[in-house]
Amino acid sequence: MPARSLQRFAPWLWLTPAAALLIPFFVIPLLLTFRNSFYSDDPMGMLIPGFTLANYSKIVRDPYYLGVFENTVWAALLVCLVSIVMSYPLSWVLARAKGSGRAFLLWTVYLPIYVSVIMRVFGWIFLLSDGGLFNQALIHLGATTHPLQMMNSFPGMMVGLVHRYLPLMVLPLATSLRKIDDAILRAATGLGGNRWFVWSRIVFPMSLPGAVVGLQLVFAGVLSDYVIPSLMGSPHFQMLAPAIYYEGITNASWALSGAIASAVIAIVALFLLSANLLVRRVAPWASL
Amino acid sequence: MQAAFHAEASTAADPALSLNSLRKSFGSTLVVDRCDLSLKKGEILALLGASGCGKSTLLNMVAGFETPDYGTIVLEGERIDELPPNRRNIAMVFQSYAMFPHLTVADNIAYGLRARHVSRTTTQARVNDMIHLLKLDGLANRYPAQLSGGQRQRVAVARALAVSPRMLLLDEAFSALDRNLREDMQLELSLLLRDMNVTTILVTHDQREAFALADRVAIMESGRIAQVGTPEEIYRDPTSSSVLRFLGTTNRISARVSGTVSGPQVRIRDRIVFYPLSDATPAPSVLPVWVDIRAEDITISNAPTSIHETGPATIVLRTFLGSQERFVLKLDDDQIVVDRPQQARRNELRLGPGDRVYLDFDPSSCRFAFAQ
Numbered sequence: 001m002p003a004r005s006l007q008r009f010a011p012w013l014w015l016t017p018a019a020a021l022l023i024p025f026f027v028i029p030l031l032l033t034f035r036n037s038f039y040s041d042d043p044m045g046m047l048i049p050g051f052t053l054a055n056y057s058k059i060v061r062d063p064y065y066l067g068v069f070e071n072t073v074w075a076a077l078l079v080c081l082v083s084i085v086m087s088y089p090l091s092w093v094l095a096r097a098k099g100s101g102r103a104f105l106l107w108t109v110y111l112p113i114y115v116s117v118i119m120r121v122f123g124w125i126f127l128l129s130d131g132g133l134f135n136q137a138l139i140h141l142g143a144t145t146h147p148l149q150m151m152n153s154f155p156g157m158m159v160g161l162v163h164r165y166l167p168l169m170v171l172p173l174a175t176s177l178r179k180i181d182d183a184i185l186r187a188a189t190g191l192g193g194n195r196w197f198v199w200s201r202i203v204f205p206m207s208l209p210g211a212v213v214g215l216q217l218v219f220a221g222v223l224s225d226y227v228i229p230s231l232m233g234s235p236h237f238q239m240l241a242p243a244i245y246y247e248g249i250t251n252a253s254w255a256l257s258g259a260i261a262s263a264v265i266a267i268v269a270l271f272l273l274s275a276n277l278l279v280r281r282v283a284p285w286a287s288l
Numbered sequence: 001m002q003a004a005f006h007a008e009a010s011t012a013a014d015p016a017l018s019l020n021s022l023r024k025s026f027g028s029t030l031v032v033d034r035c036d037l038s039l040k041k042g043e044i045l046a047l048l049g050a051s052g053c054g055k056s057t058l059l060n061m062v063a064g065f066e067t068p069d070y071g072t073i074v075l076e077g078e079r080i081d082e083l084p085p086n087r088r089n090i091a092m093v094f095q096s097y098a099m100f101p102h103l104t105v106a107d108n109i110a111y112g113l114r115a116r117h118v119s120r121t122t123t124q125a126r127v128n129d130m131i132h133l134l135k136l137d138g139l140a141n142r143y144p145a146q147l148s149g150g151q152r153q154r155v156a157v158a159r160a161l162a163v164s165p166r167m168l169l170l171d172e173a174f175s176a177l178d179r180n181l182r183e184d185m186q187l188e189l190s191l192l193l194r195d196m197n198v199t200t201i202l203v204t205h206d207q208r209e210a211f212a213l214a215d216r217v218a219i220m221e222s223g224r225i226a227q228v229g230t231p232e233e234i235y236r237d238p239t240s241s242s243v244l245r246f247l248g249t250t251n252r253i254s255a256r257v258s259g260t261v262s263g264p265q266v267r268i269r270d271r272i273v274f275y276p277l278s279d280a281t282p283a284p285s286v287l288p289v290w291v292d293i294r295a296e297d298i299t300i301s302n303a304p305t306s307i308h309e310t311g312p313a314t315i316v317l318r319t320f321l322g323s324q325e326r327f328v329l330k331l332d333d334d335q336i337v338v339d340r341p342q343q344a345r346r347n348e349l350r351l352g353p354g355d356r357v358y359l360d361f362d363p364s365s366c367r368f369a370f371a372q
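These protein sequence lines are chains A and B, in that order.
Mapping the first sequence onto the working numbering, position 260 (from 1) lands on 260, and the numbers just tick up by one.
Mapping the second sequence onto the working numbering, position 97 (from 1) lands on 97, and the numbers just tick up by one.
It is worth saying that the hints were derived from the structure and are not from the lab.
Any given hint could turn out to be false.
[What the hints assert, rightly or not] Okay, derived cross-link-like pairs now, DMTMM-like style, lysine to aspartate or glutamate, Cα gap no bigger than 25 angstroms in a straight line:
1) B:Lys135 to B:Glu183
2) A:Lys179 to B:Asp107
3) B:Lys135 to B:Glu76
4) A:Lys58 to A:Glu70
5) A:Lys179 to B:Asp215
6) B:Lys40 to B:Asp178
7) B:Lys40 to B:Glu232
8) B:Lys135 to B:Asp178
9) A:Lys98 to B:Glu66
10) A:Lys179 to B:Asp237
11) B:Lys41 to B:Asp215
12) B:Lys135 to B:Asp184
[Stated by the list, open to error] Here are some, though not all, of the chain B residues that point toward chain A, as calculated from beta-carbon distances under 8 angstroms:
13) Ala63
14) Pro85
15) Ser96
16) Pro101
17) Val163
18) Phe370
19) Ala371
Glycine included, every Cβ here is placed at the ideal spot set by N, Cα and C.
Turn these sequences into a full structure, and let the hints guide you.
Right, dumping it as C-alpha cells:
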C-alpha cells in the first residue's frame with residue numbers, strides 16, 4: 001500500500017486499541033443480548049432460537065414490568081431534579097472560585113468518584129441503618145423511640161443515587177457557568193439588569209448546555225444503576241437493573257432479560273437524542 | 001421632590017460628572033489616590049496611563065463595579081457612588097466586548113432596554129436605529145460567534161448607546177482591533193459620540209487613541225492624576241518628566257547639575273549644556289539628574305551651532321519611517337534617538353551610520369528627574 005493512502009487511515013489506526021477492547025467485550029455482547037431478546041426462554045434455563053416479540057409484549061403488558069419501568073424513570077427524573085437544584089449554587093461557587101479555593105472545591109466534587117461506590121454505600125449504611133449514627137442520635141435526642149427505616153427505603157435509595165450522580169451534574173454545569181466571565185456579568189448589570197434579570201436572561205440561558213449534559217449523564221446513570229438500588233433500595237420499589245439481573249441470573253430468563261435491557265437502552269438513547277435536539281433548539285448559539 | 005432637586009442642581013455651568021478626592025486600595029496597595037476630575041456634558045476625556053496605574057479601577061468606581069474607600073462621585077447633580085451599577089444609567093464598553101453569546105445582535109442591543117421594561121415597539125425601533133447607526137445592517141439575527149472583531153465592537157457600542165446612558169465608559173475598547181481598523185473605528189466613534197453629545201471617559205494605554213478621541217486627556221501615574229489638559233497642552237507643556245516620557249518617543253540623558261553665580265547649570269558629560277529656565281530644575285545639591293527630551297525636539301548638525309550642544313555623538317543607525325527619519329546615536333554610554341521630519345531633508349545634509357554629529361535642543365523642551 002502506498003504511503004499516502006496509509007496516512008489517510010492513520011487517524012483510524014489510533015482507534016485500534018480501543019476497538020480491540022470494545023468490540024469483543026462490549027459491542028458483541030450487546031448485539032447478542034439484543035438477539036436473545038427475540039428468542040424464547042425454556043424452563044430448563046436454555047435459550048430457544050427463533051424470532052418472537054413475546055418478550056417485548058410481556059414487558060409492555062405485565063403490570064409488574066411496567067411498574068419497574070415506571071419506578072425507574074420516575075426515580076431517574078427525581079434524581080435529575082434534586083441534583084440540578086443542588087448543583088446550581090455549588091457550580092456557581094465553583095465557577096467563580098479562583099486559585100487554591102477552586103482546586104479545593106473541585107477536589108471535594110471529584111473525591112466521591114475516586115472512592116468505590118461500594119465503600120460509599122457502606123458509609124451510608126453506617127449512617128442510615130437501624131443502629132446507625134442518625135437513628136442513634138434521633139433516639140438519644142428523644143425524637144423517636146423506634147429506629148426509622150432509612151436504609152432499604154425509597155428515600156434512602158434517593159440519597160445514595162443523588163450522592164453518586166451529583167458530580168456528573170456539577171462538573172458540566174460549572175464548565176458552562178465558568179464561560180460567564182466577570183465582564184459579561186458586569187455588562188449585564190451595568191446595562192440596568194437587576195439580580196433576577198441577570199439570572200433569568202444571562203446566567204440561566206448560558207448554563208443550559210451544561211445543565212442538559214448533566215441531566216443526560218444523571219438520567220442515563222440512574223436508569224442503569226445496579227449497586228445503589230440493590231444495596232440501598234426498597235424491596236417494594238423495584239428498579240430496572242436489579243430486575244434485569246434477577247431475570248437473567250436467578251430466573252435464567254435470558255430472552256426476557258435481554259428484552260428489558262434492550263428497552264432500557266432504547267429509553268436512554270431516546271432521552272439523550274431528544275435532549276440533544278432540545279439543546280440545538282433552545283441554545284443554537286452553543287454549537288457555533 | 002427629587003426631580004425638583006435634580007433640575008435645580010444641574011444647571012448648564014455644572015459639570016456632568018465630578019469625581020471628588022476618590023481613593024481606593026486593595027489590601028495594603030493604594031490603587032487610586034485622591035483623584036479629582038470633572039467633565040462637562042458631552043465631553044470626552046481619556047484616562048491615559050501604563051498598566052497598573054489605577055485607571056481601570058477609577059473607571060470601575062464610576063461604573064459602580066468598585067466602591068471607593070473615600071470620596072464622592074456626582075453625576076448630573078446626583079450623588080451616585082452608593083448606587084448599585086444597574087441604577088446608575090452608565091453604560092460601559094469592555095475590552096473583551098462582553099458579548100452575550102446566547103443572544104443575537106438585535107437581542108444584545110435590546111438587553112438594556114428590556115432591563116428597563118421599555119415597551120416592545122419602542123425597543124424594536126431603538127434597536128433598528130442603533131443597528132443602522134453602527135452599520136450593522138443585515139447582521140441583526142447573527143450570534144456574536146458569527147461576527148468579526150470589528151463587528152463585535154460595533155455591537156458592544158450599539159448595546160451601550162441604545163439605553164441612552166447618562167455616560168459612556170470605554171475600557172481599552174479598541175485594543176483588540178488591528179491598527180487600520182482601530183483608527184477607522186476611533187474616527188467613526190469620535191464623530192458619533194460628538195454627534196450624540198455623550199459624556200464619555202475612555203481608558204487607554206495608547207497615546208494615539210487618547211489623542212484621537214478625547215477633548216481632554218488625564219495622565220494617570222501610580223494612582224494619581226499627574227496632569228489634565230487638552231492633547232496639545234499636555235504634549236507641549238508636560239508638567240513633569242514622567243508625563244513627558246509617556247507621550248511620544250523620548251530620550252533620557254544622564255547629566256549633572258552644578259551651581260554657579262548665574263544659577264544652576266546642567267552639564268552633560270563635561271560640557272555646560274545650558275542654564276535651566278524653569279523653577280522645576282533640581283537644586284545643585286542634587287548632583288546626578290536625568291534630562292528627558294523628545295526625539296523630535298533634538299536637532300542634529302555636523303558642527304556645534306549653539307551653547308546647548310552636547311559634544312559629538314556617533315550615528316549607529318538610520319531608519320526611514322515615512323513622514324520622518326529616525327537616527328539612533330551613541331553619546332558615550334547613552335543611546336539617543338532623534339527624529340527628523342522627512343520633508344526637511346532636501347536642504348539638509350545627508351547623514352548615515354558612522355557620521356559624527358552635534359546635538360542641539362531648546363532647554364524649555366527638557367524635563368528633569370532625579371537620578372538615583
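Against the structure, the hints come out as follows:
1. B:Lys135 to B:Glu183: Distance ~16 angstroms between lysine 135 of chain B and glutamate 183 of chain B Cα, so the pair holds.
2. A:Lys179 to B:Asp107: Holds, because 19 angstroms separates the two Cα atoms, which is no more than 25 angstroms.
3. B:Lys135 to B:Glu76: Given pair lysine 135 of chain B, glutamate 76 of chain B is violated - Cα atoms ~31 angstroms apart, limit 25 angstroms.
4. A:Lys58 to A:Glu70: Within the cut-off at roughly 15 angstroms; holds.
5. A:Lys179 to B:Asp215: Between lysine 179 of chain A and aspartate 215 of chain B the Cα gap is close to 37 angstroms, so the pair fails against 25 angstroms, i.e. violated.
6. B:Lys40 to B:Asp178: 31 angstroms, violated
7. B:Lys40 to B:Glu232: Holds - the C-alpha atoms of glutamate 232 of chain B and lysine 40 of chain B are around 19 angstroms apart, at most 25 angstroms.
8. B:Lys135 to B:Asp178: 19 angstroms, holds
9. A:Lys98 to B:Glu66: 19 angstroms, holds
10. A:Lys179 to B:Asp237: At roughly 46 angstroms apart (the allowed maximum being 25 angstroms), aspartate 237 of chain B and lysine 179 of chain A break the hint.
11. B:Lys41 to B:Asp215: OK: lysine 41 of chain B and aspartate 215 of chain B at ~12 angstroms, within 25 angstroms.
12. B:Lys135 to B:Asp184: Cα-Cα ~13 angstroms, so holds.
13. Ala63: 6 angstroms, holds
14. Pro85: With a closest approach of 5 angstroms, the proline 85 of chain B hint holds.
15. Ser96: 5 angstroms, holds
16. Pro101: Status holds, d = 6 angstroms.
17. Val163: This hint holds: valine 163 of chain B lies near chain A, its Cβ roughly 6 angstroms from the closest one there, short of 8 angstroms.
18. Phe370: Violated, about 39 angstroms.
19. Ala371: Constraint on alanine 371 of chain B not satisfied, violated at 40 angstroms.
Hint compliance for this structure: hints 3, 5, 6, 10, 18 and 19 are not met, and every other hint is.
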